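What follows is each chain in one-letter form.
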Amino acid sequence: MSQTASSKEKKEQTSEGIGGGSLREALIVPALAVITGLILGGIVMALSGSNPFQAYAALFAGSFGSPTDIINGLQIYFATGDNAELVRSMYPFTESLVTATPYIFAGLSVALGFRAGLFNIGAEGQFFIGALCSAFVGYSIKGLPMIIHLPLALLAGALGGAVWGMIPGYLKARFGAHEVVNTIMMNWIAFRLSDWLLTGPMQASNFRPVTPNVQASAELPRFFEDPLRFNLGFFIALFFAYFIYWFLFKTTLGFEVRSVGANPDAAKYAGMNIIKNFVLVMFMAGALAGLAGTAQVLGVDHWVGQGFSAGYGFDAIALALLGKSHPFGVVLSALLFGFLRSGATNMQSIAGIPIDIISIIQGLVIVFIAAPAIIRWLYRIRSLKIEETVLTRGWGK
Amino acid sequence: MTNTTIINPEAEKRKRISYGMTLLVTGILIYLFFGVNTQAGAQTTFGLNLLGSQAIPVADLIIPAQTAIYLMITIVVFVGAYQLARGVRSTGLLIGILAFTFVASFLTWAAQDKSFNLTGMLSSSLVRATPIALAALCGVLSERAAVINIGVEGIMLMTAQAAVVVATVTQNLYIGLIAAILLGGLVAAFHAFLVIRFKVDQIVSGVAINIFGAGFTSFISSKFLQSATDTLNNSGTFPIISIPLLSKIPVIGPTLFENNIIVYLTLILVIVIHILLFYTPWGLRTRAVGEHPKAADTLGVNVYLTRYVNVILSGMIAGLGGAYFTIGSVGRFDELMTAGKGFIGLAAMIFGKWNPIGAYASSLIFGFADSLQVKLQILRVPIPSEFLLMAPYIVTMIILTGVVGRAIPPAADGQPYEK
Chain B
1 MSQTASSKEK KEQTSEGIGG GSLREALIVP ALAVITGLIL GGIVMALSGS NPFQAYAALF
61 AGSFGSPTDI INGLQIYFAT GDNAELVRSM YPFTESLVTA TPYIFAGLSV ALGFRAGLFN
121 IGAEGQFFIG ALCSAFVGYS IKGLPMIIHL PLALLAGALG GAVWGMIPGY LKARFGAHEV
181 VNTIMMNWIA FRLSDWLLTG PMQASNFRPV TPNVQASAEL PRFFEDPLRF NLGFFIALFF
241 AYFIYWFLFK TTLGFEVRSV GANPDAAKYA GMNIIKNFVL VMFMAGALAG LAGTAQVLGV
301 DHWVGQGFSA GYGFDAIALA LLGKSHPFGV VLSALLFGFL RSGATNMQSI AGIPIDIISI
361 IQGLVIVFIA APAIIRWLYR IRSLKIEETV LTRGWGK
Chain Y
1 MTNTTIINPE AEKRKRISYG MTLLVTGILI YLFFGVNTQA GAQTTFGLNL LGSQAIPVAD
61 LIIPAQTAIY LMITIVVFVG AYQLARGVRS TGLLIGILAF TFVASFLTWA AQDKSFNLTG
121 MLSSSLVRAT PIALAALCGV LSERAAVINI GVEGIMLMTA QAAVVVATVT QNLYIGLIAA
181 ILLGGLVAAF HAFLVIRFKV DQIVSGVAIN IFGAGFTSFI SSKFLQSATD TLNNSGTFPI
241 ISIPLLSKIP VIGPTLFENN IIVYLTLILV IVIHILLFYT PWGLRTRAVG EHPKAADTLG
301 VNVYLTRYVN VILSGMIAGL GGAYFTIGSV GRFDELMTAG KGFIGLAAMI FGKWNPIGAY
361 ASSLIFGFAD SLQVKLQILR VPIPSEFLLM APYIVTMIIL TGVVGRAIPP AADGQPYEK
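Quick note, the sequences are listed as chains B and Y, same order. Just so it is clear: in the first sequence, position 166 is 166 by my numbering, and no numbers are missing. Just so it is clear: in the second sequence, position 256 is 256 by my numbering, and no numbers are missing.
To be clear, the hints were calculated from the coordinates, so they are not data collected in a lab. Quick caveat: nothing in here was measured; it's all calculated off a predicted structure. C-beta: ideal position from N, C-alpha, C; glycine also. It is possible that part of the hints are untrue.
Subject to a maximum C-alpha distance of 27 Å in a straight line, what follows is the list of computed BS3-like cross-link-like pairs (lysine-lysine) [stated by the list, open to error]:
| hint | chain 1 | residue 1 | chain 2 | residue 2 |
| --- | --- | --- | --- | --- |
| 1 | B | Lys268 | Y | Lys353 |
| 2 | B | Lys268 | Y | Lys15 |
| 3 | B | Lys276 | Y | Lys15 |
According to the in silico footprint, chain Y covers these stretches of chain B (three or more CB under 8 Å from chain Y) [what the hints assert, rightly or not]:
| hint | stretch |
| --- | --- |
| 4 | 56 to 67 |
| 5 | 174 to 187 |
| 6 | 191 to 197 |
| 7 | 317 to 328 |
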């Protein structure tokens, strides 16, 4: 046990090294993993009878925008002061950031759980509940100024998710009931609850199972005119990433959380309160996942419908793993997912390749990140240190 | 990790009282929910014959609703009082009584003045429990050797698709079934290779399999299957096999002995795996590898080989589970059709304390709840069906909290082994 703890320490030092020291080593495996994943994804495309080069060109154009369009837009803007063309050319890039926003929140949620040795499979349910709570506050309260209404709606979303996360946390801490089972159960309860709410109390009209639109005063402000949905949510997500980093690595409480995660027995003997830490972490993790749903509702959709969450909670597990449970790593991997997902829509319409290819690539990338030995072997890299690969704590103890 | 079972008289007493109180409260709840709302003269008809079954027909069970509910209340209150005063040793018995009285009163109330086919519901519970049970068995087998296989959902998706495509192309369901089982073993072998050879985090590898499986099957589905349903994705399903004589028994016959091959195989597997794990040298080695690999190694057990074998076998079971979704029930593949059943199977495994029979019993609870919800929608019960659908999940959480409590996995579960 003590061995695991010390190797865990070592791992943390290397992953903290993103800020200083061995940047190359911290990034080279993920980068090569992503490249290898893309190459293998291309092979799958080729085998299924599509042209991978055309597909990746479409993916790139769909996620970053076409460079010629952007230059053209800039020229028109400087020549005439008309920014319509420029805004249109920026659409793909900003849309990728919009897609990445809930990923950042949800990834942080799972990563925070991992740091405390908790496996939060419930981000999906927390996401949904957060979305529903913020939508409710967003549409039901009328006539408030934005400065009050928007924070209130955000808070409602965070609290909804937090409660949903805290219940399994408390059950785990108090009764030892397994958080993996309970978060899965809470997911299903959330899905059913939302089915009921969307076809009953929260339904906007009798025809579609969707909530009414939120009031304009509860919408996250957008930075550009209409087709561009880029909004404040992205920066709130970045702020929270920094906040979680600060919490985990710069505060006593964060140290406790990491200690409990690394070795609960040792933490207990050191006088740390396991119950408090579990509940606290699941509360925060739930709040983050709730904010993921909230950001999607208040920033992008403005209403909630059935099947709203579209697998964010499960992708979040992948994100946390990809980012090695480090907040900044999560942001980077969320951006990657955002660009891939957003670009894939374009790829689907232009190259006729199903959007699901992205999941294939994601799965491969995770394998390579988790097994750096494969990457080292493939690219004959010898100098890299053998990384500690135990990220999670299994079913926990 | 500290798996000591010291009997603490204080805790025992507290447990006794809390169980007793729970039973008494259940009695009150049954009265408030169902007793009050049942008309005095109402009768509930429970159908015992299944349409198209070979069982000898029997008369339907017609009972006076109110009397039956009051009888249930009497039973639960009596057992509760006895528990408070003297204590019943078997907690399983208590939970059984609690669940039975509650569900029985609920059904009597819901179906008052109507007819409710009991046999049909039992039979469909068993069928719906099958994929969950197979996922749970997959977990049991691999985790007893200390390898977590969270990728069961992904394996089931891939094998479900493989089963239907192979069966459609070859026009032979059994070849489809074998293909699914082999593919399940292959994917699991890859998982084993990653976690044993490369010491990849087991949950990470499992998550990767899930994401890859979801992506790959959806990709194949939208690229090939949707445009060629008849030639690739339309296999038909396994026929119902009625076991001679046994299928003639009323109620039990249609439930247990009129099923398709996958349901039978599941029942057999539960028993076989239980015997293998607990009564054979192989099982002892497997459990030793799961609890204390170093000690097992010292005694000459090949830890790596045991893990490979167990994980591959577990993947084959997941493959059988995958085949159930397509060639075992609907005869075609739909995107993401496993719908979280793999994860529920993992919950059933933990709920059943890593024990094949326990896991199967837990799966039955989920299967029962699943089929109950469908039947109740037909009865038009004045409760939103969404809340009924939630019930099994809430019940699982309550039971997990109050009854099972600390589910203790095999001690080395999830840890790579280094010589």
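Please flag the earlier hints that this structure goes against, numbers listed from lowest up.
4
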